[in-house]
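Student: When you get a sec, could you build the whole thing from the sequences and use the hints?
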Amino acid sequence: MKTKITLLLLVVTGVIATAQNQFEQGMSKALDLWKQGKSDEATALFERIAGAEKSQWLPNYYIALINTTEAFNPANKDKVTSLLSKANAALDIELAKTPNNVELLVVQAMAQTALLVTDPMTYGMTLAPKINGIYTKASILAPDNPRVVYCRAEFDMGGAQWTGADVKEICGRVAHSIDLFASFKPETPFSPTWGLDRAKETLQKCTK
Amino acid sequence: MKTSFIFLFMLCSLFVVGQQKITGSVVDEKGNPILGANVFIEGSYDGATTNEKGFFEFTSSEKGTKVLVISFLGYETLKHTFSMEHPAVGILKIKESVNTLDAVVINAGTFEAGDKAKVTVLKPLDIVTTAGSNANIVAALQTLPGTSTVGESGRLFVRGGESDETQTFVDGIRVAQPYGASAQNLPTRGRFSPFLFSGMSFSTGGYSAEYGEALSSVLLLNTIDEPAQESTQISLMTVGLGLANTQKWNKNALTINTAYLNLEPYQAMIPQRVKWYKPYQSLSGESVYRHQFEKGLFKLYAAFDAAQFDLSQDKINAPYLLRTDLHNSNFYLNSSYKVTLGTNWQFFTGMSYALSENKINLNDDFLHNTEHASHFKARLKKSFSERVKLTFGTDYFITKFDENYDVFQGSQWQEGYQATIGAVYAETDIFFSKKLALKSGIRGASNSYIHKNAFSPRLALAYKLAKESQISLAYGVFEQAPSQDYLKYSSDFENQKATHYILNYQYNFNKRTFRAELYYKNYSNLVKYDTPTVVYNAHFTNNGTGYAQGLDLFWRDNKTIKNLEYWVSYSYIDTKRDNINYPNKVTPSFAANHNLSIVTKYWIEDWKSQIGFSHTFNSGRPYNDYNQQTFMNGLTKPYNNLSFNWAYLISQQKIVYFSVTNVLGTKNVYGYEYANSPDANGYYNSTAITPTADRFLFLGFFWTISDNKKENQLNNL
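So the sequence lines, in the order shown, correspond to chains A and B.
Letter by letter, the first sequence follows residues 1 to 208 of full-length UniProt numbering.
Letter by letter, the second sequence follows residues 1 to 717 of full-length UniProt numbering.
Worth flagging that the hints you see were computed from the coordinates, not collected in a lab.
Where hints are given, some of them may not hold.
Unchecked claim - If you want the footprint, here are the derived chain A segments under chain B, 3+ residues with CB under 8 Å:
id, region
1, 28-39
2, 49-56
3, 82-89
Unchecked claim - Cross-link-like lysine-lysine pairs, in silico, BS3-like; alpha carbons within 25 Å at most:
id, chain 1, residue 1, chain 2, residue 2
4, A, K97, B, K338
5, A, K97, B, K21
6, B, K559, A, K79
7, A, K54, B, K63
8, B, K435, A, K77
9, B, K338, B, K452
10, A, K79, B, K464
11, A, K54, B, K66
Claimed, not checked - Okay, the calculated beta carbon distance ranges per label pair:
id, chain 1, residue 1, chain 2, residue 2, range
12, B, L438, A, A75, 48 to 56 Å
13, B, H291, A, A96, 14 to 22 Å
14, B, I611, A, A96, 43 to 51 Å
Using N, Cα and C, we set each Cβ at its ideal position, and we do this for glycine too.
Tutor: Rendered as structure tokens:
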């Protein structure tokens, strides 16, 4: 009898755990694939998770992040529009649900930046103010989010050679973002934590 | 041991029971296998990616009818419904997405500018940074092929057509009076501030059935949907002052732009060929309000300007100077609403109202005219898929014109008319593949004043030859009622008609664009009359005919030399027309056979400056030499104009801008005016029609103030 009850309990909890774990397993696997450089496969898996878990914003977030990152890769020059339309479609779905999610806003600004850098003389006039607008909104919503502070500084740095902006001041913000990274606590195990390494690299260039 | 064995078995069965293996393969339109496509059951974790043979295989415990999603970058996502009882789905074909940069574009006749264009010929900022354009949209467009510089007018003359053969639209709605007021042989400029627009499309022929009442060309301007941020711009210029402010709140945004222009300092500095009693002055204001709805956008654009000047010109046929004292006021209101409805329907509606009033003292005579013009428009667009779209819509135009002419101590004349035009159109856009696209449409219109109907078919095709090149063809019939100058005297007219045939080739590679366009345009039903000038009792007919044919070439290169952008436009045109009071078919005085423009912009990092030169060359233009037997047999000397500009960035938000036209001081002649009767020796005297001054000088300081201090004047370069 006792064994049977134990067995039943085990099976029941097993079923529940499986359902819960499916999301976590899927997410871990997809993130692993991305770490291994298999960005297409990672996107494919995130796409499946996003379709199954409509209440989770992270799968679409990673679809956007992966495709935006790929768009910056010079090897993908011919695919930029396809990659960015994929990224923006994923962002649009989640921003419609939570327009004030700063992590999504940061990726949205990056996606626009990826388009801008393909032809700054054409897109500079229209996109630069738009990107600034997104970062301004994100800074008001979450002034202490390290990715907001860092990505904005990185964008300003990119434009500094044209605008003659004060590089020292921008470097100050990069350094500040590194402090913020140290104290940043992600809400879930899969929430975004990236950026510290890049911030350190950028700061190194500053001190040169 | 036994227990744990049972447990393991049950746990396994949890996954194994009801498992089905789903198999199939994914291919492209040519049947080639696709590697790496994502195939999964919608709403589940079950799926796989295809292998190099396009094959996929995965297991699922789902039941019943399910949707299989096939997604692959650069392709349209396919949703395939299948039953879990038949899990072998076979071969699935996916189509390349046509929403990519390398898809074919229907572009015969059209130049696109702005962020939505795939191949940008002109960028929004080019309007302000082209030397000689002085922030005048029309002047910048005159550096493109297919246009000719008609210095004494300043308006757009496209491919052998007169200036009124071009219609201007803001956000899809007609602008009845796109140009500022001017006197005879004085150039005018476009009314619109280039900073309020995010994109434009300039068509020199073969345009969509959505646009009518234009024989030669349409200019489409789109106001900015959503301004990026709040800002204030202050302009201090040698010829006036400007102030602009943008505010954003909730889902609303408002931009207000005001300017006061006074040409007195310039007229005092540069010698003028006419006598100015009062300089050209204008006060203008423009505003754009936008409200974002969840699925729609409402825009309201309003513009007002009042202009005046007083001058006298030497006229060969008048015993004294001709004095023109002009007051013009112009109001334009344009509102539009665009909304997305349900399954891929888009609805657009808009209206415009324009009021233009001129009060002109011509010596002691007085001319007063008023025009009220409205346009109502509704359009529905249905996207059946990414590849097939259907558009249909309706236009309604109302024009009311009244004119009084009081001769000093003499008679009074009154003319006027009211015309309404109703039109309907339908058009389909079809992408057969990423390489072949077709647009075909039809437009019907009915004019209540002349009691005539018009029927205009349009067709355009584009085919991609290779990754960087494509050809495009366009054909269309275009109809337009005669201009106000004739309608005010008579309603006994036909619609004027033009048929366009265009062949376009485009090569676009790594920020270099080459375009060549051959065209033939046939005119019929043009207005003719039998008097020396247009008068009320002239005998009007629609027996006029004409043609224009030529070659337009364009080359733009932003890449080869670092920090240098340049473009070269060349047009060859052969055109003749027998209209107005011409005795036979001749090349009209506004057409020059050869037109060449070279525009350069160079950014000098160390000086924080952009320096630009533009050169425009036209071969001689015909004029009627009264001392020759043959009509229109004179030819002016060629026209040359080298312009220069310099923009210097003081800081991120402050800029100094200097420009000068006709640096070399070329003495240009646009044509000649002849005396009506010969002198004692039987010789007809003449005077040359020349610019009012050889040069235009401009110095300005522009300052942008925005909250985050990131927006900078470089955007205005």
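Student: Hint compliance check: list the failing hint numbers for this structure, sorted ascending.
Tutor: 1, 5, 9, 12
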